[in-house]
Amino acid sequence: MKITDTQLIKAKERELIRSITRDLDWRMIRNIFREKHQLELGDSVTYKHGDMVVRNSDIAYQLDFEVKVSLSVILDRAGNYLSCATSAYVPEPASVVEENKGETPTSESPTTDPSLEPRENISEMASQLASMISEINEA
Amino acid sequence: MICIASQKGGTGKTTTTVNLSASLALFEKRTLVIDCDPQGNATTGLGIDKKKIQWDLYDVLLGKAPAEKAVVSTAMDYLNVLPARFHLHQMENRLAPTSFRERILRARLHALAADYDFILLDTPPSLGFLTLNALTAASWLIIPLQCQLYALEGLGQLLAVVRKVREEFNRELKIAGVLLTMCENKSARPDPIMSQISDRFQKKIFRTTIPRDSLIRDSSNFSKPLALHDILARGAEAYMDLADELIRLFQNKSNLQQAIENPG
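Chains A and B, in that order, are what the protein sequence lines are.
Under the numbering used here, residues 309 to 447 are what the first sequence spells out, in order.
Under the numbering used here, residues 34 to 297 are what the second sequence spells out, in order.
Simulated from the structure, these hints should not be mistaken for lab results.
Be aware that one or more of the hints could be misleading.
[Stated by the list, open to error] Cut-off 25 Å, straight-line C-alpha distance, at most; resulting in silico cross-link-like pairs (DSS-like, lysine-lysine):
no., chain 1, residue 1, chain 2, residue 2
1, B, 41, B, 197
2, A, 318, A, 344
3, B, 207, A, 344
4, B, 207, B, 237
5, B, 207, B, 197
6, A, 344, B, 236
[To be verified] Ranges of calculated distance between the beta carbons of each label pair, as one might list FRET restraints:
no., chain 1, residue 1, chain 2, residue 2, range
7, A, 373, B, 277, 29 to 35 Å
8, A, 365, B, 197, 53 to 59 Å
9, B, 172, A, 365, 51 to 57 Å
10, A, 356, B, 200, 48 to 54 Å
11, A, 323, B, 240, 47 to 53 Å
Glycine is no exception: its CB is placed at the ideal position from the N, C-alpha and C atoms.
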């Protein structure tokens, strides 16, 4: 026994999903991906699908996107796989030292990613500097 | 022995040295300031007339005077200073042919350590010979960092030097913390970027932050620490808080060390 129009509900749900998608804070989402998943989202982000789901017995909204992610694969000169990292990956202090062996002292300075906004760079730099301090104090 | 150093000028090194030392003295901690900056601003800031002193750090480093003879009293009971004058800038050239030149300050100050609870070393705004000597002499480093967006730039170079000093000259050197200086009013909305920096640094940053306070500059014009000029000023209160934090920090470390050495 229908008491309203199914199409109306679906249309309004789609409208709601579109509205939520439009208002997403992409700066925050980029930060979440960088910090939680060590992934740096590229410029190309395509909306694929949105739906209402149930999480922990509550209504939630699932929004699916396709994004470009930069990936670095490192191999040695013999062709052996060494490591794989995204552009947001910050190496552990020990591996930084290892990679810097034999290089000039300036390579020990935290690096900045020119593709990031100044404030994002500062945040990333702060993380690297904090790691350097930990390394010094715990050595 | 605590070195106050930063690769940049204008971050509040000398202001921190002068006001933190005065605050430690107000807590009745025997405190000595060693002015390692040829500009001698910490010397002047503690009320010492450079024309009236007989010896200074230059003479001590050259071995012309023992460190204890070069130390002068200030207007505060618990606070002394080993002063600096401009000719200190010649020191690098004078000691160029000397071996162990980076350890010379450490060697000369050794006899003073037992007489004080805290020794603060003020450094010039560079990572040259005098700063290297101060880092080699110290056990701890405080890094003043101005509350602004680009303050972190260059800090990596200082940390690289600290790493080098630890490897080559002074294994004991550790970083007591980063001190945020010249911060805007506490009641104002905190700058999100400074909040992010604080989050990243976590325990490596002092809880106390130093506010931007024009009275700090005014007090330096009178050649005295702010606490002696206006003890109720926000800046004076902040440096008292910092001194308290520092005393507790080292008390905790001392207790921890004793517990490790004497378990049970």
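Right, here's what the structure says about each hint:
A distance of roughly 19 Å separates the Cα atoms of residue 41 (chain B) and residue 197 (chain B); the hinted pair therefore holds under the 25 Å criterion. For a cut-off of 25 Å, the pair hint linking residue 318 (chain A) to residue 344 (chain A) is broken: about 33 Å separates their Cα positions. A C-alpha spacing of about 30 Å is found between residue 207 (chain B) and residue 344 (chain A), which places the hinted pair above 25 Å, so the restraint is violated. The straight-line distance between the Cα atoms of residue 207 (chain B) and residue 237 (chain B) is roughly 11 Å, inside the 25 Å bound, and the hint therefore holds.
A distance of roughly 12 Å separates the Cα atoms of residue 207 (chain B) and residue 197 (chain B); the hinted pair therefore holds under the 25 Å criterion. Taking the CA atoms of residue 344 (chain A) and residue 236 (chain B), the gap is near 21 Å; set against the 25 Å cutoff, the hint holds. Restraint check, residue 373 (chain A) to residue 277 (chain B): a C-beta distance of roughly 50 Å breaks the suggested window 29 to 35 Å. Separated by about 57 Å at the C-beta atoms, residue 365 (chain A) and residue 197 (chain B) satisfy the suggested range of 53 to 59 Å.
Between residue 172 (chain B) and residue 365 (chain A), the C-beta spacing of about 56 Å keeps the proposed range 51 to 57 Å intact. In this structure, residue 356 (chain A) and residue 200 (chain B) meet the distance hint of 48 to 54 Å, their C-beta atoms being roughly 52 Å apart. The supplied range of 47 to 53 Å is met by residue 323 (chain A) and residue 240 (chain B), whose beta-carbon atoms lie about 48 Å from each other.
Figure legend: structure checked against the earlier numbered hints; hints not met, in rising order: 2, 3, 7.
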